[in-house]
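So the sequence lines, in the order shown, correspond to chains Y and U. Under numbering that gives the first Met the number 0, the first residue of the first sequence is numbered 0, with each subsequent residue one higher. Under numbering that gives the first Met the number 0, the first residue of the second sequence is numbered 0, with each subsequent residue one higher.
Hints are computed from structural coordinates only; laboratory data are not their basis. Treat each hint with caution, since some may be false.
[What the hints assert, rightly or not] From the structure, some residues in chain Y lie toward chain U, with a derived Cβ separation under 7 Å:
#1 Gly23
#2 Gly25
#3 Val29
#4 Pro41
#5 Lys43
#6 Val44
#7 Ala48
#8 Ala51
#9 Asp54
#10 Glu72
#11 Ala77
[To be verified] Facing chain U, according to a computed beta carbon distance under 10 Å, are these residues of chain Y, among others:
#12 Tyr27
#13 Ala33
#14 Arg42
#15 Leu46
#16 Thr52
#17 Leu53
#18 Arg55
#19 Asp58
#20 Gly60
#21 Met66
#22 Gly74
#23 Gly75
#24 Lys78
#25 Ile105
#26 Gln107
#27 Gln108
All figures in this text were calculated on a predicted structure; none of them were measured in a lab. Note that CB positions come from ideal geometry on N, CA and C, so glycine has one too.
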Amino acid sequence: MNAVANATLGQFEQVVLTAVLSLGDGAYGVTIHAKVEELSRPRKVALGAVYATLDRMEDKGLVTSWMTDPTPERGGRAKRCFRLEVSGEMALRDAATTAKRICDAIEQQWGVGIWKDSAIA
Amino acid sequence: MERQRDRVSNPAPGLVGRLIQMVLPPASREAVMGDLAESCHSPGQLAAEGLRSVPPLVAGQARRASRLPVIGLQLFILFACLGGFELDRAGKVVTNAACAALPMGLAMVGLLLRNIYRTDDNPVRQGFYDALTAALCVVAQQTVMHILIAAGHIDPAWALSRSLIVLACLSFPILWTLGAMENPEAAGRKPTQPLFSDYSQFVQRTRVRNRAEMAALAMIIGVSGYFLARFQPPVAPLGWSFLTGYGCILTYLALRGAARPAPLDADSTTIRALYETELNRQSRQRRLMWWFWFVPLFAGLMTNLVMYGVSKEQPLRIVGGIASIFLLGYLIERLHRDRRLAIHLKLNNLAAVPA
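The task is simple: from the sequences and hints, build the whole structure.
This is the structure we're talking about:
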C-alpha cells in the first residue's frame with residue numbers, strides 16, 4: 000500500500016486525479032473528461048485517454064470505480080463513476096506539494112506577476 | 000440546460016453507434032458508449048470522438064487483460080514449434096528464426112486482440128479459441144507467403160517446410176492448455192455460496208480442465224509420434240523417451256488427475272479440509288506438469304543453441320541459448336507464482352465461507 004501511495008504520478012495522471020477530486024460524487028467519464036480538458040487548456044484530450052489513465056490508476060489502487068443504473072439520456076447505458084482512494088489522495092497531495100514548491104521557486108525568480116501573462120491567468 | 004436538451008434530442012445513431020460499439024473493447028463498451036451518447040450531438044462527432052478513443056482504450060485493455068507469463072510462453076512455444084530454434088542448413092538464404100518470427104509476430108497480435116476483445120468466461124473454451132487464433136494467424140501468414148512466392152516476389156525459403164508444419168501442429172494443444180489457465184483473480188475469489196456448492200464447482204472445473212489436458216497430451220503424443228516415425232530426426236530416441244513420459248502423465252491424469260468429490264454427508268470441517276488438500280494437490284500437479292510440458296523445449300535450447308555454440312565456438316549462440324533458457328524458466332516460475340498467490344488467497348477466503 001505504501002509503495003502505491005509513494006508512487007510518483009505522471010502529469011496527466013495528476014490532472015485526472017485532480018478532476019476526480021474536484022467533481023466528488025459526480026465524477027464519471029463525461030464530467031471527468033470535461034474537467035480534464037478545462038485543466039489542460041488549450042490541449043484537446045481524447046475520452047479514451049482519460050479512461051485508459053483511470054483504468055491504470057484503478058489498477059494501482061489510486062481510484063475505485065462502480066457502475067450506476069442506465070439512464071435514458073445516455074441511450075439506456077450505465078455510467079462508470081470514480082472515487083479517489085486514500086492512496087490516491089496521498090499521491091495527489093505529494094504531487095501538489097512538489098508543484099507548489101516549483102511555483103514558489105519560479106515566483107522567487109520571475110516575481111508573482113509571471114502568472115498574469117500565462118495561459119493560467 | 001439547452002445543452003442537456005440537445006443531448007437528449009440527439010440519441011446515438013444506429014449504424015455509426017453500432018460500428019463504434021464493435022471496435023470498443025467489451026470491458027469499457029458500456030460506459031464509453033454511454034459517455035459518447037451523452038456528450039456527442041451528431042453522428043459525425045460520435046464517430047470522430049469514438050474512433051479517437053479506441054487506440055488508448057485498446058492499449059489500456061491490452062495491458063490489463065494480458066498476462067505476461069502466458070503470452071510469453073505462448074510465443075516461446077510457437078516460435079519453437081515453427082522451427083525458430085532449429086539449426087540453419089548451409090546455403091539457405093533465409094534463417095529459420097526469421098521464418099518463424101513472422102508468423103509468431105502475427106500470432107502475437109492475434110492473441111493480444113483476443114485478450115482485449117474476449118467475452119467468454121470459460122477458461123477451457125478461452126484456451127481453445129486462443130490456440131485457434133494463433134493457428135489461423137499462422138495459416139494466413141503462410142498463405143500470403145505462398146502467394147508472394149508464386150508471384151516471384153520472395154524466395155521460396157520463406158515458406159515453412161512440411162516437417163515444420165507437422166511440428167507446428169504440436170503447439171496447438173500446448174497453446175490450448177496455456178490459454179485455459181484460470182485467471183488468478185478468478186481462482187482466488189472469495190466464495191459467494193455455501194462451501195459444499197463451491198467445492199462441487201471446483202471439482203467440476205478441475206474435471207473439465209483435466210479432460211482438456213488429457214486431450215492435449217493425447218494430441219501431442221499422436222502428432223509427435225507421427226513426426227518421429229515419418230521424418231526420423233536425429234533426436235528420435237530422445238523424442239520417444241519424452242513421449243513415454245507424456246504417456247505416464249496421461250495415465251496419471253486419467254487415474255488421479257481430477258479433484259475428489261466430497262461425500263454427500265460430509266460436514267463443513269471435512270469439506271474445508273478436503274478443499275484445502277485438493278487445492279494444494281492440484282497446484283503441485285500443475286506445477287510438475289508445466290515443467291514437464293517444457294522439458295523438450297529446454298532440451299532443444301540446450302542442444303541447438305548452447306551445445307552447438309560451444310562445439311562451433313560461437314559465443315553469441317551460447318549467450319542467446321543461456322538467456323532463452325533463463326527466460327523460459329522465469330516465465331514458467333511467474334506462472335506458478337501467480338497460481339500460488341491465488342491459492343493462498345483462496346485458502347484465506349475459505350475460512351470466511353458459510354458452512
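Each hint tested on the structure:
1. The beta carbon of Y:Gly23 is not positioned within 7 Å of any beta carbon in chain U (closest approach about 18 Å), and the interface hint is therefore violated.
2. The criterion of a C-beta within 7 Å of any C-beta in chain U is not met by Y:Gly25, whose closest approach is roughly 13 Å, and the hint is violated.
3. Proximity of Y:Val29 to chain U holds as hinted, the smallest CB-CB distance being about 5 Å (cut-off 7 Å).
4. Against a cut-off of 7 Å between C-beta atoms, the interface hint on Y:Pro41 is violated, since the closest Cβ of chain U lies about 17 Å away.
5. For Y:Lys43, the suggested interface contact is broken, since its CB lies about 9 Å from the closest CB of chain U, more than 7 Å.
6. For the restraint placing Y:Val44 at the interface with chain U, the shortest Cβ-Cβ distance is roughly 10 Å, beyond the 7 Å limit, so the hint is violated.
7. Interface hint status for Y:Ala48: upheld, as the beta-carbon distance to the closest one in chain U is roughly 5 Å, under 7 Å.
8. Given hint, Y:Ala51 at the interface with chain U, holds; its Cβ is 3 Å from that chain's nearest Cβ, closer than 7 Å.
9. The interface hint given for Y:Asp54 holds, since its Cβ lies 5 Å from the closest Cβ of chain U, which is under the 7 Å cut-off.
10. Interface restraint check: Y:Glu72 against chain U, minimum CB-CB distance 5 Å, threshold 7 Å, status holds.
11. A least Cβ separation of about 6 Å between Y:Ala77 and chain U falls short of the 7 Å threshold, and the interface hint therefore holds.
12. Checking Y:Tyr27 against chain U: minimum C-beta separation of about 8 Å stays under 10 Å; hint holds.
13. Given hint, Y:Ala33 at the interface with chain U, holds; its Cβ is 8 Å from that chain's nearest Cβ, closer than 10 Å.
14. Violation of the interface hint for Y:Arg42 is found here, the shortest Cβ-Cβ separation to chain U being roughly 14 Å, above the 10 Å cut-off.
15. Taking 10 Å as the C-beta cut-off, the interface hint given for Y:Leu46 holds, the closest approach to chain U being about 5 Å.
16. Checking Y:Thr52 against chain U by beta carbon gives a least distance of about 8 Å; that is within 10 Å, so the hint holds.
17. The beta carbon of Y:Leu53 is positioned within 10 Å of a beta carbon in chain U (closest approach about 9 Å), and the interface hint is therefore held.
18. Given hint, Y:Arg55 at the interface with chain U, holds; its Cβ is 7 Å from that chain's nearest Cβ, closer than 10 Å.
19. With its C-beta approaching chain U no nearer than about 7 Å, Y:Asp58 sits inside the 10 Å limit, and its interface hint holds.
20. Proximity of Y:Gly60 to chain U is violated relative to the hint, the smallest CB-CB distance being about 14 Å (cut-off 10 Å).
21. A hinted interface residue such as Y:Met66 counts as satisfied when its beta carbon comes closer than 10 Å to some beta carbon of chain U; here the least separation is about 7 Å, so the hint holds.
22. The interface hint given for Y:Gly74 is met, as the beta carbon of that residue sits about 4 Å from the closest beta carbon of chain U, less than 10 Å.
23. Interface hint status for Y:Gly75: upheld, as the beta-carbon distance to the closest one in chain U is roughly 8 Å, under 10 Å.
24. Taking 10 Å as the C-beta cut-off, the interface hint given for Y:Lys78 holds, the closest approach to chain U being about 6 Å.
25. Against a cut-off of 10 Å between C-beta atoms, the interface hint on Y:Ile105 is violated, since the closest Cβ of chain U lies about 31 Å away.
26. Against a cut-off of 10 Å between C-beta atoms, the interface hint on Y:Gln107 is violated, since the closest Cβ of chain U lies about 38 Å away.
27. Annotation: Y:Gln108 was flagged as interfacial toward chain U, and the flag is violated, the nearest CB pair being 37 Å apart, outside 10 Å.
This entry does not satisfy hints 1, 2, 4, 5, 6, 14, 20, 25, 26 and 27, going by the numbered hints stated previously.
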